[in-house]
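> Chains W and E, in that order, are what the protein sequence lines are.
Residue numbering for the first sequence is -13 to 411, as defined by the working numbering.
Residue numbering for the second sequence is -13 to 411, as defined by the working numbering.
If you're looking for bench data, these hints aren't it; they were derived computationally from the structure.
Watch out, some of these pointers could steer you wrong.
As the list claims (entries may be wrong) - Lysine to aspartate or glutamate pairs mimicking DMTMM-like chemistry, simulated, CA-CA at most 20 angstroms apart:
#1 E:Lys(-6) to W:Glu72
#2 W:Lys(-6) to E:Glu63
#3 W:Lys232 to E:Asp154
#4 W:Lys232 to E:Glu11
#5 W:Lys(-6) to E:Glu72
#6 E:Lys(-6) to W:Asp67
#7 E:Lys(-6) to E:Asp45
#8 E:Lys232 to W:Glu63
#9 E:Lys232 to W:Glu11
#10 W:Lys(-6) to E:Glu11
#11 E:Lys232 to W:Asp154
#12 E:Lys396 to E:Asp45
#13 W:Lys232 to E:Glu72
#14 W:Lys396 to W:Asp154
#15 E:Lys(-6) to W:Glu63
Unchecked claim - Label-pair ranges, simulated between beta-carbon atoms:
#16 W:Ala393 to E:Ala203: 53 to 59 angstroms
#17 E:Ile100 to W:Arg274: 50 to 56 angstroms
#18 E:His281 to W:Lys221: 49 to 55 angstroms
#19 W:Leu(-11) to E:Ile312: 29 to 35 angstroms
#20 W:Leu(-11) to E:Ala203: 48 to 54 angstroms
#21 E:Thr61 to W:Val336: 37 to 43 angstroms
#22 W:Arg274 to E:Arg225: 57 to 63 angstroms
#23 E:Ser55 to W:Gly370: 45 to 51 angstroms
#24 E:Glu278 to W:Leu40: 36 to 42 angstroms
#25 W:Ala64 to E:Val127: 44 to 50 angstroms
#26 W:Gly43 to E:Ile100: 32 to 38 angstroms
#27 E:Gly99 to W:Ala393: 39 to 45 angstroms
#28 E:Leu199 to W:Pro230: 51 to 57 angstroms
#29 E:Arg338 to W:Tyr222: 54 to 60 angstroms
No experiment lies behind these values; they were computed from the predicted model shown.
From the three backbone atoms N, C-alpha and C, an ideal C-beta is built for every residue, glycine too.
Protein chains: 2
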Amino acid sequence: MGLEVYFKFILSFALILIAARLGGEFAERYLKQPRVLGQLVAGVIISPFALGGLIFGSDPIILNFATISGQFVQTGEAISDFNIMEIISQIAVVILLFVAGVETDVRSFVRSGITGGAVAIGGVILPFLFGYLITWALYPVIGMTGFLFMGAVLTTTSIGVTAKILMDMGRLQTREGTTILVGAVVDDIIGIVILSVVVSMARTGVLDVGHALQVGAIGIVVWFALLIAGVRFNKYISRIFLNPFKRSGTMPIVAIIIGLLIAYLVTLIGLHPVIGAYVAGLMFAATREREEILHGIRPIMLFLAPFFFCYLGMQVDMRLSSIAAIITVVLIILATLGKVIGCYIPARFVGRLSRNSSMIVGLGMVPRGEVGLIIAGAGLLAVGEQFRELFAVAVLVSIATTLITPAMLKPFFRRALAESSLPEK
Amino acid sequence: MGLEVYFKFILSFALILIAARLGGEFAERYLKQPRVLGQLVAGVIISPFALGGLIFGSDPIILNFATISGQFVQTGEAISDFNIMEIISQIAVVILLFVAGVETDVRSFVRSGITGGAVAIGGVILPFLFGYLITWALYPVIGMTGFLFMGAVLTTTSIGVTAKILMDMGRLQTREGTTILVGAVVDDIIGIVILSVVVSMARTGVLDVGHALQVGAIGIVVWFALLIAGVRFNKYISRIFLNPFKRSGTMPIVAIIIGLLIAYLVTLIGLHPVIGAYVAGLMFAATREREEILHGIRPIMLFLAPFFFCYLGMQVDMRLSSIAAIITVVLIILATLGKVIGCYIPARFVGRLSRNSSMIVGLGMVPRGEVGLIIAGAGLLAVGEQFRELFAVAVLVSIATTLITPAMLKPFFRRALAESSLPEK
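So that you can see chain W by itself, here it is in the shape it has in the complex (with noise of 0.2 angstroms):
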C-alpha cells in the first residue's frame, strides 16, 4: 500500500520525542541540570550510529535520517543527499527562535546593543585563528579551503542553543542574557560572511571579499531595519496583524506564522531563518498582545524544540580516527577558551559589566550548536568527500561546546542571583 513509509515517519518522530523528554526530565530532576542537555543526550543514544543503529539499523527511517537521493517527479529536478527529517527539525528551530524573540525584553536588547556587537567582535577573532591553525597543524591534507571551514565553525554562537539554555535557567531578561543573544546574533551575521566567503573561495579558487561584505551589510541593514520597525512600529503591527485575529482566538497563531515567513525571507539576503525568526519575534515583543501571544505559542514550542536538540544529537558519530580525536579535544577546549577569553574583555570593558557578568557572557558565547553545524554541513558539500572526517569532529566540537555551557554557567548564574539579592540591585 505504501503509505507504511508516511506511518514510519510518525513512529519517528514520535520516538524522537519520547527520547527528548525522558532525556530532558532526567537531566533536570537527577542531575539537576538544563533539559536541553538530557535532550541533546538522549540524542547521541539514539542516534543511528549507537542504540538507533542496533535496533532499527536495516530501516532509513525510523530513528534515522531519512536520507534520500533521487530527483522530483513533478520537474525532474535532481535531489541528493536530502535529510527528509530535517525539515521537521528546521520548523522546530525556527519556532524555538520566534519564541524566544518573542520573551526578549527589547528594551534592554537595544541598550545591549553595543555591549553585544563588542562582544560578538571579540568572541570571532581567537576561535577563528585557533580553527585555522589546529586544523593547519594537525590535519595538513585537508588544504586551505578546509582550514578556513574548520575557523568559520569555531566563530559560530549557537542562539537556539544559547536561548534554549538562558530560558531554562530563568536568565533570558536579564542583563547578560541579552547580551549574550546580541552577540550571538551579530556572530551569526560575521559566520555568514565568513562562510560566504569561503564557500566562493572552494568554488572560484579566489577571494571575493567585495562579495562576501555586500552579503553582511544587507543582512545588518535589514536585520536592524526589523528591529526598529518592532520597537517603533508596534502599535501598526497590533492593528494590521494581530487585531483582525482576536475575536477568533487565532492571534498567536497568526504570529507564528509571520516568524515563519519572515525567516524564510531573510535567506533571500543570505542570511539562516533563525536569525529572522528571532527579530521577528523581536518585532512582536514590544506590543501589547505580547502575554496572549506567548501563552498560545509556548507549547508549540515546548511541543517541537525538543525535538531539534534531540536530532541535533543523533548526528553525532562517536566512532573517530585517533588522529581526529585529538583534533576534536584540542578544539573543544580552545573553542571553549577563545570564546570565553574574547568576550570576556568586551564584556568587562566595553559593557562596563561586573567580572561574574563577564563570564556569565564568556561562557554564554561558547556553545556552537546548530549555526556550527550549519556551516559543517556547507564545508562538506563545498570541500567533498575528504572533509567527511573533519565534518564529524566539527559536529562533535559544536555539540561538546553545547554539552559543557550549562554546566559552567551554573555557578555563575548562583553568584548572579546572590549579587542580584543585594540592596544595589
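Take the given structure of chain W and dock chain E to it, following the hints.
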C-alpha cells in the same frame, strides 16, 4: 550550499498556513461557514493545479507536493512518488484526532456505541453499491478491482473533517456528535476491511475474505480494549504517564506523544493512524487531568490542523474529462444520498433519535475526507496508471462531500439548538 531546499519547505509550510488562516477567517466571518470549509477551498485555490502552479510552477516544493522518487542513501531502499509534505499533513491529522478524542465526552460515547455501530453499518451498504455500480456502468474499462475501489472510497467517513466541523460548530459533545464519531470510527474499520479485501484481490486475483475478516476482528478488539482501558483504568493512566510530568509542566506534551505512538501502533494491525490517535485521546478524556491536557495541546492543534485541510484541498485537480466530470457529479449526489438515507434509518429507529437529530447524524456521516483519499491513493498504487482519472474523481468526491456538509448541517443544528432550549431539554 544546498540549504535552500530546506528553507523552501519552511516557506511552503508558512504559505499554506497563511492561506488556510485567511480562508478559514473569511469563511467564518463573511460566509458564516465553518473554518474547515474555507481552509479546504483556500487549498484548492493555491494548489499546484491552480494558483500555486501559475506562480511557483517551476518549483517542486513551494506550494507543491515535493513528490520525490529515488532511494534512501543509507540502505539503498527504493522509494517512489513519495510526497514529502504529506508527512507534516499526517502528523497534523493525528494531532487533530487526538484532540478530538480528548474533547469527547466518553460516557456519552459509550452510550452511543450501539447506535453508532448501527449507523456505520447502515452508511456502508448503499454508498458501496452506488460506487461500484456507477463505475461499472460509466467506466467499464477499469475492471472489477477498480469498481471495488470506488465502492470502498464511498463507504468511508472522515473522522478528521467531521470532528473539526462538529468542534467548530460547538456540537462535538452532543448525542448526535458522539453518534457520528462512533459511526465514523466503525466506518473506518469497515473501510479498512474492504480495502484489504480489494488490495489482496488486486494482487492475487482472488478474494481472500478470511484474511480481511481477521484484520477487521483484530482492529475492533484492539480498539475496544483501548477504549475500555481508558474508561476503566484512567486512574492508572494518570499515575503512570501523567503525574511524573506534572511538575515540569510538560504533561500535555507527554499525552500528545503517547497519542502519536498509539497512532503508529494501530497501523501494525492494519488500521489507519487517525483511529489510534482518536482512541488514545479517548483514553485521556476520562482522566482528571483532561482540562489541563486540553489547555496545553489545543494551541498545537490550532497551529497544525489548518495545514491538513488546506493540503487536502491542494490535491484537487479541477481539469477533468467530460465522462469523469459526469461520474463525479453523479457520485457526489449518490454518495450524499447513500449516507443520509443509510444513516438516518438506524439513527432514527435503533438510536431513537429525533427526526432532526437523525438528519444531523446522516449528514454528519457524509464527508469522505482523508480516509476516502487514503483508499483512493491505495487504489492508484494497486490498479496503476489507468486509475489516475478515477483517482481524481475519488478525490473530488471526497472533497465535495466535505465542502457541502457544513452548509447542509447548519439549518438542522439551528433547529437542534431551538429544540434543546425547550424545557424538556
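> Quick one: which hint numbers does this structure break? Sort them smallest to largest.
8, 10, 12, 13, 18, 20, 21, 22, 23, 25, 26, 27
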